[in-house]
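> Based on these hints, arrange chain B on the given structure of chain A.
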Amino acid sequence: MTHKEQSFISKYIFSTDHKVIGKQFLWMGLFFLFFGGFQAMLIRWQLSYPDLAVPVWLLGNFLFEGGRMTSDHYNQLITMHGTIMIFWAITPLLIGAFGNFVIPLQIGAPDMVFPKLNMFSFWTFFLSGVVLVASYFLPGGTAAAGWTSYPPLSTPVGGIPGLGQVFWTLSITLMGAATMMGAINYITTIIRSRAPGMGYFKMPLTIWGLFLTSILNAIFVPVIAAGLILLLLDLVLGTQFFITSSIVAGIKEGDPLLYQHVFWIFGHPEVYILILPVWGVVSDLLSVFSRKPAFGYKVTAICMCTIVALSSIVWGHHMYTTGMSPLLGKAFMFLTLLISIPSSIFFLNWLGTLWRGNLKFEPPMLFAIAVLWVFGLGGLTGLYNATVTSDIYLHDTMFVVGHFHYTMAASVLLGGLAAIYFWFPKMFGKSMNPLLGKLHFWASFIPLNLVFFNMMVMGYAGHHRRIFNPMEYEFLKPLAGLNEFVTIMAIILGAAQFIFVFNFIYSMAKGKKAEVNPWNAATLEWTVEAPIPHGNFAAVPTVYNGPHEYSHPKVTDRDWIAQSEPLPVEG
Amino acid sequence: MSTRTLAVQQPIEPSKTKDEFTSYLGLLIGLASITMLFVTLLISYSILRIQAGYWFVPGEGSFPMKLAIINTVILLGSSGTWIVASKNASNAKSSAFRKWTLVTMVLGVLFLISQIVLWKILITKGFTAQSSIVGSVFYMLTGVHGVHIIAGLAALVWIVVKVKQDNLELNQGRVKLVGLFWHFLDILWICLFIAIFLI
Numbered sequence: 033m034t035h036k037e038q039s040f041i042s043k044y045i046f047s048t049d050h051k052v053i054g055k056q057f058l059w060m061g062l063f064f065l066f067f068g069g070f071q072a073m074l075i076r077w078q079l080s081y082p083d084l085a086v087p088v089w090l091l092g093n094f095l096f097e098g099g100r101m102t103s104d105h106y107n108q109l110i111t112m113h114g115t116i117m118i119f120w121a122i123t124p125l126l127i128g129a130f131g132n133f134v135i136p137l138q139i140g141a142p143d144m145v146f147p148k149l150n151m152f153s154f155w156t157f158f159l160s161g162v163v164l165v166a167s168y169f170l171p172g173g174t175a176a177a178g179w180t181s182y183p184p185l186s187t188p189v190g191g192i193p194g195l196g197q198v199f200w201t202l203s204i205t206l207m208g209a210a211t212m213m214g215a216i217n218y219i220t221t222i223i224r225s226r227a228p229g230m231g232y233f234k235m236p237l238t239i240w241g242l243f244l245t246s247i248l249n250a251i252f253v254p255v256i257a258a259g260l261i262l263l264l265l266d267l268v269l270g271t272q273f274f275i276t277s278s279i280v281a282g283i284k285e286g287d288p289l290l291y292q293h294v295f296w297i298f299g300h301p302e303v304y305i306l307i308l309p310v311w312g313v314v315s316d317l318l319s320v321f322s323r324k325p326a327f328g329y330k331v332t333a334i335c336m337c338t339i340v341a342l343s344s345i346v347w348g349h350h351m352y353t354t355g356m357s358p359l360l361g362k363a364f365m366f367l368t369l370l371i372s373i374p375s376s377i378f379f380l381n382w383l384g385t386l387w388r389g390n391l392k393f394e395p396p397m398l399f400a401i402a403v404l405w406v407f408g409l410g411g412l413t414g415l416y417n418a419t420v421t422s423d424i425y426l427h428d429t430m431f432v433v434g435h436f437h438y439t440m441a442a443s444v445l446l447g448g449l450a451a452i453y454f455w456f457p458k459m460f461g462k463s464m465n466p467l468l469g470k471l472h473f474w475a476s477f478i479p480l481n482l483v484f485f486n487m488m489v490m491g492y493a494g495h496h497r498r499i500f501n502p503m504e505y506e507f508l509k510p511l512a513g514l515n516e517f518v519t520i521m522a523i524i525l526g527a528a529q530f531i532f533v534f535n536f537i538y539s540m541a542k543g544k545k546a547e548v549n550p551w552n553a554a555t556l557e558w559t560v561e562a563p564i565p566h567g568n569f570a571a572v573p574t575v576y577n578g579p580h581e582y583s584h585p586k587v588t589d590r591d592w593i594a595q596s597e598p599l600p601v602e603g
Numbered sequence: 084m085s086t087r088t089l090a091v092q093q094p095i096e097p098s099k100t101k102d103e104f105t106s107y108l109g110l111l112i113g114l115a116s117i118t119m120l121f122v123t124l125l126i127s128y129s130i131l132r133i134q135a136g137y138w139f140v141p142g143e144g145s146f147p148m149k150l151a152i153i154n155t156v157i158l159l160g161s162s163g164t165w166i167v168a169s170k171n172a173s174n175a176k177s178s179a180f181r182k183w184t185l186v187t188m189v190l191g192v193l194f195l196i197s198q199i200v201l202w203k204i205l206i207t208k209g210f211t212a213q214s215s216i217v218g219s220v221f222y223m224l225t226g227v228h229g230v231h232i233i234a235g236l237a238a239l240v241w242i243v244v245k246v247k248q249d250n251l252e253l254n255q256g257r258v259k260l261v262g263l264f265w266h267f268l269d270i271l272w273i274c275l276f277i278a279i280f281l282i
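Protein chains in written order, with the working numbering: chain A, 33 to 603; chain B, 84 to 282.
Mixed in with the good hints there might be a few duds.
[As the list claims (entries may be wrong)] Derived lysine-lysine pairs resembling DSS-like cross-links, with alpha carbons at most 27 Å apart: (1) B/K247 to B/K259; (2) B/K245 to A/K43; (3) B/K247 to A/K542; (4) B/K208 to A/K284; (5) A/K148 to B/K208.
Please keep in mind that the hints were generated in silico from the structure rather than gathered at the bench.
Only chain A is shown next, with the shape it has when bound in the complex (with noise of 0.2 Å):
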């Protein structure tokens, strides 16, 4: 070994090797996603029983006063659920985890380019997270002006006292810059570190998505760092950039329209940046459980860097009802909906690959098809929203609440759990209960359709997003029933999140040793054994296969070929 001895602490806390950073932010992502996911229990719970007390088993007691949650309280919650969950659960899982566990190894690297910067991306996250939950400590409470922080909500004379929303701020800016060093690592590392022989056009979806998503980063988390630093200042050193036009010695001050076009610059951009590694893991995935190539890889990926171009100029879609100039209003519209063009194609190419595929409904499997349905639904009701015409009725309801959650929570979750039952026997070495999964894979999709369908149903019928009390106003009564039926649905999501804990904590302490390539998968990180070692490969692999060769005709011994393994010769 040319490794000298590491230490517990240079191994395992303050570690430079990819493989253990993005087993870090496995730990992080999962514990804030069991946080957050918590939270939208308690919102579901004061939703359909607005006069009961939050019961023990929701931790009612411990939590309120009495168990009786405030309407101070329930704005926490929403922001503290929607920051939590976008910015340290999601963000964590598929581009801090899955980024740094899958894309050396599928690259053929060694490590990042930088490992150190990786480490300190890291860490700089985790001091992030401290912050964020430093801000329950408060004696004024988190942060409570929506997960988004319109101003004047989040100014000081927005009426919310406490030092919430000044540690929320923080906590966000330092979150970006953890992210940007990814980014900077993931662009330097695709761009300089792949093995031989390996193309763009040879690098597996996953790897276009996370590429892409790297891209996003880099450039549109700047942008919200630039309203952050202007929000702050706002609140700490009482400058008034964002607050409303008071008129001093002759000139107009701040605009609080200004903060929501700087932050949506930056927030369109993000749910692609949130959903493009799921794209590209499922396409991976949906290629692999149907032993067939993945059907127009190359359209699949253009598409993919058509929409990342068409994401930074369709901002304003979330602002029609701000008063905008009309014309503006069908520009943004029709740039909004551009973008179904080049989604619609390649959700066709899934199509495509699942089409006469042998398929294996495997745990990851059933999860990637899953995506497609979430994500179908989403995109489809999306485009309610970008039409200026019904998105001025649908604005701020419970159907953007519905529609948003299909594309980023369902696609999102369930698109992460795919991969984490996909790479867990490489990332640990151990196989995950087939049964088990299956069974969380149906307690989970099915209460989950039945949550953010009505969600969007209860929208159409009026329901605004962010209110405390649904039972004070006459015309959402007739929606006590469906509400409750949503929150007992969401409580069955929530606790059949038990059975994947179980079996990921079971599989990870006792679980069957994995093959090494236990899903005959041909990407790279499939021809190493785990434990993989410090620096991955015992050679530079030289690839010379694309990344879905599944049921190639010249291969006739197994139904697969790995990168890289090169074809056998016909003779």
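Structure of chain B alone, referenced to chain A:
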């Protein structure tokens, strides 16, 4: 199926695969990010300014323009001294390199000090971050740039330490990276100077 997989023997050393261009590319992506940060700040500034209806140069008639120009000259000078330092580096003159890097650092610190002096003068004249949106924009832009100058100074300290630890030969690539960052900060300041004081 496992018969065809590679046996795990001597793992390859991760650090050997990094070359100069790789680090260069990483830094360029970082600089693109920082550029996006300042572009957003400048666009916000221009929108606020267009909407304000009336704008004035910080401190109005009594603005210490001379000091602002001296500042700019100091920072431009530091880029010049860095060019001398990096020339010495490529000629393998270690002590001259260290001397000129120190001069660059001193100029960088001087820039920060005179910025603070400028802030103090303006504050005593009643031009503060809270007094008007003009002040908010001025202190915000100069402040965020100042933080990046501190990062640049840290990079200069780092390269001096690195050269002392190893030798100059091993650090040629790093010298170039630090230089790129320092020149970038200089160009950034020129853009900000034009945006704040001249337009």
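> With a cut-off of 27 Å on the C-alpha distance, tell me whether A/K148 and B/K208 pass.
violated, 47 Å
> Hint check: B/K247 vs B/K259, CA-CA at most 27 Å. Holds or violated?
Roughly 16 Å separates the two Cα atoms, so the pair holds.
> Is the hinted pair B/K245 and A/K43 satisfied, with a Cα-Cα distance of at most 27 Å?
holds, 25 Å
> Is the straight-line distance between the alpha-carbon of B/K208 and that of A/K284 27 Å or less?
holds, 21 Å
> Compare the distance between the alpha carbons of B/K247 and A/K542 with 27 Å, and conclude whether the hinted pair is satisfied.
Roughly 52 Å separates the two Cα atoms, so the pair is violated.
Violated hints, in rising order: 3, 5; the structure is consistent with all others.
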